[in-house]
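Engineer: Starting from the structure of chain A, add chain B where the hints point.
Number of protein chains: 2
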Amino acid sequence: MKINKDYLNLSQNYLFSEIASRVKAFQAENPDKDIIRLGIGDVTKPLVRPIMDALEKAVFEMGHKGTFRGYAPDKGYEFLRNAICESDYKSRGCDIDLDEIFVSDGAKSDCGNIQEIFDKDNIVAVTDPVYPVYSDTNIMAGRKIVYMPCTGENGFIPEIPDTKIDIIYLCFPNNPTGTVITKDELQKFVDYAAENDSVIIYDAAYEAYISDPAIPHSIYECEGAKDVAIELHSFSKNAGFTGLRLGYAVVPKSLVREGVSLNTLWARRHATKYNGAPYIVQRAGEAVYSPAGKVAVAQQVREYMENAALIRDSLTSMGYTVYGGVNAPYIWLKTPNDMSGWDFFDLLLKNAGIVGTPGEGFGNCGAGYFRLTAFGDARDTRLAMERIKTLQI
Amino acid sequence: MKINKDYLNLSQNYLFSEIASRVKAFQAENPDKDIIRLGIGDVTKPLVRPIMDALEKAVFEMGHKGTFRGYAPDKGYEFLRNAICESDYKSRGCDIDLDEIFVSDGAKSDCGNIQEIFDKDNIVAVTDPVYPVYSDTNIMAGRKIVYMPCTGENGFIPEIPDTKIDIIYLCFPNNPTGTVITKDELQKFVDYAAENDSVIIYDAAYEAYISDPAIPHSIYECEGAKDVAIELHSFSKNAGFTGLRLGYAVVPKSLVREGVSLNTLWARRHATKYNGAPYIVQRAGEAVYSPAGKVAVAQQVREYMENAALIRDSLTSMGYTVYGGVNAPYIWLKTPNDMSGWDFFDLLLKNAGIVGTPGEGFGNCGAGYFRLTAFGDARDTRLAMERIKTLQI
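Those protein sequence lines, which keep their order, are chains A and B.
Going by the working numbering, the first residue of the first sequence is number 322, and it counts up by one from there.
Going by the working numbering, the first residue of the second sequence is number 322, and it counts up by one from there.
Only chain A is shown next, with the shape it has when bound in the complex (with noise of 0.2 Å):
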């Protein structure tokens, strides 16, 4: 019996995993010191009204016979499919079909699955920094990947590749560097596609922190996306879904690759694989849609988005240098005085209990960078500033 050797081209632990155990060993050496986190994304506030009553009627089905659901259809319930059609893509002028929506578990898994419709041998692009489930997962289907670095010369938007790239992964508003791309320059990376037969996988999780019109919400606002773009959507960070676990993928059926759609294969690898996200959580993420739903989470990404001001704007008056934070959750910050980012976490979590994210988790491009989020308590984030001002560095 052989084991996947490519699991051990892998860091050991999963980022996240490994910034849990070692707050969880400082939390344990210091019981009683009082812990910010700031660090994994999680959000903080609780589900809003709209959704909470969607989700307690579901609930009440499920306990009586004649509205008890068992299995979900494949793709999800129409419903939910329904109102994804209509909010995320018709409004926007997307011809997205309910046919090429999936729902899932959340964004999450479907980064993680999508890259087994794709043969090993395909050349992977990620930028650096990146969401590790990208490139940890092609790793782990023995595929090379190739690194797009961005930095603060690029405006951490990578160039458009000048060899031959398979499938290129791309995240705006971006995690970790809370960048944003326009319309135009994420056009350019379509048509690089398009001219050469690649695939792009763009993942979309932060949408809704879009404010600023000019800014695509969807790729499918791009000429040609759908012949060229899988799409990859959250409800974790619009919603307050992190916990209920919800979140669909896009495979259009114009998708088409060495004569097959990639959306029969997504749908063959959904039926196989997956068994459907929970009714009552499907029921939910309809109430996000929802006249009073869509007013409500509106609010809370507000909020968040309140938290990135304050971040942004005291970290600047303290002399730190900082992007991101604006149409998008995360703040990325250079290190002081070029402190390596996992030295600054140990400096920040030791000496002001903060948990950030070092940027070295993200990628060697992330070396000497930070992230931190918006998705903390109001009262907590403004504690974190004071306590940052207050830090003798």
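Honestly, I wouldn't trust all of these hints.
A pair counts as met if it fits within one copy or between any two copies, since identical chains are not told apart.
Computed cross-link-like contacts, DSS-like style, restricted to lysine-lysine with a CA-CA straight-line distance of at most 25 Å [said to hold, decoys possible]:
no., residue 1, residue 2
1, Lys345, Lys574
2, Lys615, Lys465
3, Lys504, Lys655
4, Lys323, Lys574
5, Lys671, Lys441
If you're looking for bench data, these hints aren't it; they were derived computationally from the structure.
Just so it is clear, the structure is predicted and the values come from calculations on it, not from any experiment.
Structural biologist: Just chain B now, with coordinates in the frame of chain A:
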């Protein structure tokens, strides 16, 4: 961009998607026909009160600051893993550690994903007939599959392989044949795996249907199984979670191959490509193990087993040859007049409005057999038997 061409070796549709689409087409043509579904094996009884109480309480928590929960711990909440450990293992004398239990969104996902930690070049053995997820997911990964015939002659228990097999999938109580295995028979597979350095994937999804004390609920009741076996569990059939989605895998730390613990590999896979079962569903899962929960789900299982007995007895008295349905919720019958399973499927659907599953869908040795499930409504199940009685075959 090259697609994963191993997908092209699959049958075009996942079995149960194919059945769903045939039924949908029939219903569209016959909108007034009343259809009884004894096919896909979905449960029909609503969640029991103790589970509903836990679910409602957890949903309430999600709506309030202070009790809201975001991302779950990688392997699942300890409250659930503790309950699993106590009730499913310690109480049966199996020494399973908390860190060996991985909570997931269901046994189907785990069945499908577990093969990722193995090299492509392993030889995989599955029974024939087989739950298609085991074989399909290995075909998708390009592995060679050896089929172990299960027929009336060997009582649907496969022979111990006489060649070297690396990975063996076993499922008892069996889906689709409803066969059970004694501890002595199972021990032979464990011994084979120990001698050949093989790994057994043991799917125990239906263990709650075992009432005979001589039949093991877990493979870890066998000597040495912790060095050779991974076990998969579901909450779908014992507690009606088909629409809630919850399961778990046990990957013992002592299961080491090529110097690497499979526990470490699976932990890395789980943390990288999955983000945990919903908190509210894990609380519902915990309630399955509460004293009141145990009583209520046992009652539900007994009621389903009354359906099994009814189907078994009715078909036997009509002259059918029937297997399973004792210690297992599936009834496996020989089709009349040596019809093919798909012909019998069409006949039952068109002339009796009953949906079952043709044996061919589970493999070549399933030809001429047919699966019915005990998960229907009691009244519907009785009605189905009456309709079959009046069939002109």
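Engineer: 25 Å Cα cut-off: does Lys615 pair with Lys465 within a copy, between copies, both or neither?
Structural biologist: The answer is neither: 41 Å in one copy and 50 Å across copies each exceed 25 Å.
Engineer: For Lys345 and Lys574, with the copy left unspecified, which applies at a CA distance of at most 25 Å: within, between, both, or neither?
Structural biologist: between (46 Å within a copy, 22 Å between copies)
Engineer: Have a look at Lys671 and Lys441 and pick one of within, between, both or neither, based on CA distance no larger than 25 Å.
Structural biologist: neither (43 Å within a copy, 45 Å between copies)
Engineer: Using 25 Å as the alpha carbon limit, work out where Lys323 and Lys574 are close: within a copy, between copies, both or neither.
Structural biologist: Answer is between: at 17 Å across copies they meet the 25 Å cutoff, but 37 Å inside does not.
Engineer: Checking an output row: Lys504 and Lys655, CA cutoff 25 Å. Within, between, both or neither?
Structural biologist: neither (27 Å within a copy, 61 Å between copies)
Violated hints, in rising order: 2, 3, 5; the structure is consistent with all others.
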